[in-house]
Amino acid sequence: MTTSTGVGELNDLEELQKRSHPIRGVVTLIVGVIGLIIAIGLSISFGAADISLGTVWTAVTHFSPELTTHQIIHDIRLPRVLGAALVGASFAVAGAIMQGMTRNPLADSGLLGLNSGAAFMLAVCFAFFPGLPYMYLILWSFVGAGLGVAIVYGIGSLSKGGLTPMRLVLAGAAVSALLGALGEGVALYFRIGQDLAFWYAGGVSGTKWSHLQILSPWILVAMIGALVLSRSITVLSLGEEIAVGLGQRTAVVKIWGMIIVLVLAGAAVSVVGAVGFVGLIIPHLTRYIVGHDYRWIIACSLVYGALLVVLADLVARVINPPYETPIGALIAFIGVPFFLYLARKGGKEL
Amino acid sequence: MNNSYLTPSQLKAKRKNFSILATLIVLIVITFVISMNTGVIKLTPMEVLRTLFGQGDAQQQLILYEFRLPRIVIAVLVGMGLAISGAILQGISKNALADPGILGINAGAGLAVMLYVSFFPTTKAAPVYLLPILAFVGAGLTAVLIYSLSYRRHEGITPMRLILTGVAVAAGISSAMIVLTLRLSPENYQFVAIWLAGSIWGSNWRFVLSLLPWLVILLPFVYSKSRVLNVLNLGELTAVGLGASIEKERRWLLAAAVGLAGASVSVSGGIGFVGLVAPHLARQLVGAKHQFLLPTAALLGGFLVLMADTIGRSILEPSEIPAGIVVAVLGAPYFLYLLARLKE
Chain A
51 MTTSTGVGEL NDLEELQKRS HPIRGVVTLI VGVIGLIIAI GLSISFGAAD
101 ISLGTVWTAV THFSPELTTH QIIHDIRLPR VLGAALVGAS FAVAGAIMQG
151 MTRNPLADSG LLGLNSGAAF MLAVCFAFFP GLPYMYLILW SFVGAGLGVA
201 IVYGIGSLSK GGLTPMRLVL AGAAVSALLG ALGEGVALYF RIGQDLAFWY
251 AGGVSGTKWS HLQILSPWIL VAMIGALVLS RSITVLSLGE EIAVGLGQRT
301 AVVKIWGMII VLVLAGAAVS VVGAVGFVGL IIPHLTRYIV GHDYRWIIAC
351 SLVYGALLVV LADLVARVIN PPYETPIGAL IAFIGVPFFL YLARKGGKEL
Chain B
766 MNNSYLTPSQ LKAKRKNFSI LATLIVLIVI TFVISMNTGV IKLTPMEVLR
816 TLFGQGDAQQ QLILYEFRLP RIVIAVLVGM GLAISGAILQ GISKNALADP
866 GILGINAGAG LAVMLYVSFF PTTKAAPVYL LPILAFVGAG LTAVLIYSLS
916 YRRHEGITPM RLILTGVAVA AGISSAMIVL TLRLSPENYQ FVAIWLAGSI
966 WGSNWRFVLS LLPWLVILLP FVYSKSRVLN VLNLGELTAV GLGASIEKER
1016 RWLLAAAVGL AGASVSVSGG IGFVGLVAPH LARQLVGAKH QFLLPTAALL
1066 GGFLVLMADT IGRSILEPSE IPAGIVVAVL GAPYFLYLLA RLKE
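Listed in order, the protein sequences are those of chains A and B. Counting from 51, one number per residue, gives the positions in the first sequence under our numbering. Counting from 766, one number per residue, gives the positions in the second sequence under our numbering.
You may find that some hints are simply not true.
[To be verified] Some chain A residues close to chain B (C-beta under 8 Å, calculated; not the full set): (1) L220; (2) L232; (3) G289; (4) I292; (5) R299; (6) W306; (7) F389.
[Said to hold, decoys possible] Across the chosen pairs, the derived CB separations fall in these ranges: (8) V271(A) <-> Q1049(B): 34 to 42 Å; (9) R917(B) <-> V271(A): 38 to 46 Å; (10) I305(A) <-> T788(B): 49 to 57 Å; (11) Y186(A) <-> Q1049(B): 37 to 45 Å; (12) A778(B) <-> L208(A): 48 to 56 Å.
[Stated by the list, open to error] Covered stretches of chain B (in silico footprint by chain A; criterion: 3 or more residues with CB under 8 Å from a CB of chain A, positions within the stretch not fixed): (13) 931-937; (14) 1039-1048.
Quick caveat, the hints were computed from the structure, so don't treat them as lab data. We put the CB at the ideal spot given by N, CA and C, even for glycine.
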């Protein structure tokens, strides 16, 4: 996005370079990828029927439909694990972009009205069209998420001073409260609150290949977009004025950032509901380790977000079989103490 | 404040502010009269007036004094408490998203109520008097937990750390509530869900008495700290330069915010949005000076909750919509409208 190479830009970028740690970034990324592969392997092998890691390997490389274990892996566990990884990566990257663009450490995709929009639509579906197939529920959730974003963004850009980060955050909070209240009202009136709670508690358990086929192209394209955009987000995270001074067309960056967040978080929310805490803590964690360069923050968030949700899903199945513990509760259970530790340790880094 | 030091434009602004306060009071009175008339048994405004002056019959007296009046008073008090609590939190944290929820007050109170309902689900009579106490204890404990987790020796509390800690603790509590939700029976779930959505269900003079002392003591205290809040708003360094002992002032103000929100939430459930929106609206109406901001926010909060409760009671008679939902549905669009219309 930056075209001119003025002295001021060089100074600012040098300043930035000092605050980012590329070597740490590489190490963190490698450790994360290895951890993710191990976690995925473990997650496939553990469950109601224990399957050895060797079998997992042959099931992926030489799939034979006659074997029950291969069928379990192929039809149930693999889509579920991949779903968990996709969801985690999406939430984390969306959260990282949100925090970079708004410069508010409390920002995550929920602030754009995504979560409440999806929850509202889901409540409407449960109330008026009971028994709707899973597929349509996901689609309507995504529509709801888009609706939430559209309102927030519309209000923000209608206003006289343009879409400032502060205005975005406030509009997001208000729209979330509004849609949240409407959803709550529908849920109370039709007495479907607990059904909704069960839906959200289900997490990624219902993921099938057909869902992944629909979701993954969108998510992959958005991820690539996020990585392409990451350098501009670093500049934007220095502050609107500095970004403009460096020759950035901030409005373009913001619009693309918003679209990417909508696709990523919208897809993720529609599958598992608001496990928003992933999008809040993972970017904080990666920023704490790799510094303020969003190329590294986004890449690491992608890997660690996936890792966290895969692990949480694994623990959710193993902890109290045959019942599944709500995945959102587990993520909070892992994430909260960690976040508290960071908040205490980190000081100004956060 | 001495008028002789003010320029004509400042005087004009001051007059405008007083007229805004007066308008709000009139609005509350009007809503009060409407609310008195709202309910299954209709009373004409004349009957209401006559009953208020002691001329009504026994049934009218019962309806007004035992059912409607306490509920109205509670609605106004709750709104005031939450609004002032939000104004304090936004003032000392300088974060526009701060509301009583960030201190985990709603979450803590909610968890206490949910725990109680899931372990002692059957008795319908006992909880009515126990719940506010439990909710208050839950709210207070959570606030203390968040404060001590974000406290560091030599440094004390920084607003940013307080907010982050608050968000994390609230998220933890909410997830514990998800787990509990799945174990509740449908009837108990409905009770808790209505409680969490925020409804003025404790329409009883006893609740008024449990709420009133907090406001009578804390509102004047906070108002007397208006100047401190103004200074804190300028930024930490300026505040130190001006000689404010930040840590001490902040601790007292925080304690006041917890007391107000805890007491309010304990009788009303989670009407969190008032604490967020009322101070913002007030700031846009009368500016950032807390001498005017605080009373305006308090009146706005009281008006919002009273109106929301009145509408919630009348729209789906005889069933009710929780006031918290009505507040968000009415307050959010107006808030968004202001956000779109104003420059900063």
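Verification of the supplied hints:
1. With its C-beta approaching chain B no nearer than about 6 Å, L220(A) sits inside the 8 Å limit, and its interface hint holds.
2. With its C-beta approaching chain B no nearer than about 6 Å, L232(A) sits inside the 8 Å limit, and its interface hint holds.
3. The restraint placing G289(A) at the interface with chain B is violated, with a minimum CB-CB distance near 17 Å, outside the 8 Å limit.
4. A cut of 8 Å between beta carbons decides the hint on I292(A): the least distance to chain B is about 20 Å, and the hint is violated.
5. Interface restraint check for R299(A): the shortest CB-CB distance to chain B comes to about 23 Å, outside 8 Å, so the restraint is violated.
6. Interface restraint check: W306(A) against chain B, minimum CB-CB distance 23 Å, threshold 8 Å, status violated.
7. A least Cβ separation of about 4 Å between F389(A) and chain B falls short of the 8 Å threshold, and the interface hint therefore holds.
8. Look at V271(A) against Q1049(B): about 41 Å separates their beta carbons, and that is inside 34 to 42 Å.
9. Separated by about 44 Å at the C-beta atoms, R917(B) and V271(A) satisfy the suggested range of 38 to 46 Å.
10. In this structure the hint that I305(A) and T788(B) lie 49 to 57 Å apart at CB is violated, the actual value being about 40 Å.
11. Between Y186(A) and Q1049(B) the beta carbon distance is about 42 Å. The supplied range of 37 to 45 Å therefore holds.
12. Hint check: A778(B) to L208(A), Cβ distance near 28 Å, so the stated range 48 to 56 Å is violated.
13. For the stretch 931-937 of chain B, the stated coverage by chain A holds: 5 residues have a C-beta nearer than 8 Å to a C-beta of that chain, and at least 3 were required.
14. Note: the stretch 1039-1048 of chain B has 3 residues with beta-carbon separation from chain A under 8 Å; the three-residue rule is met and the coverage holds.
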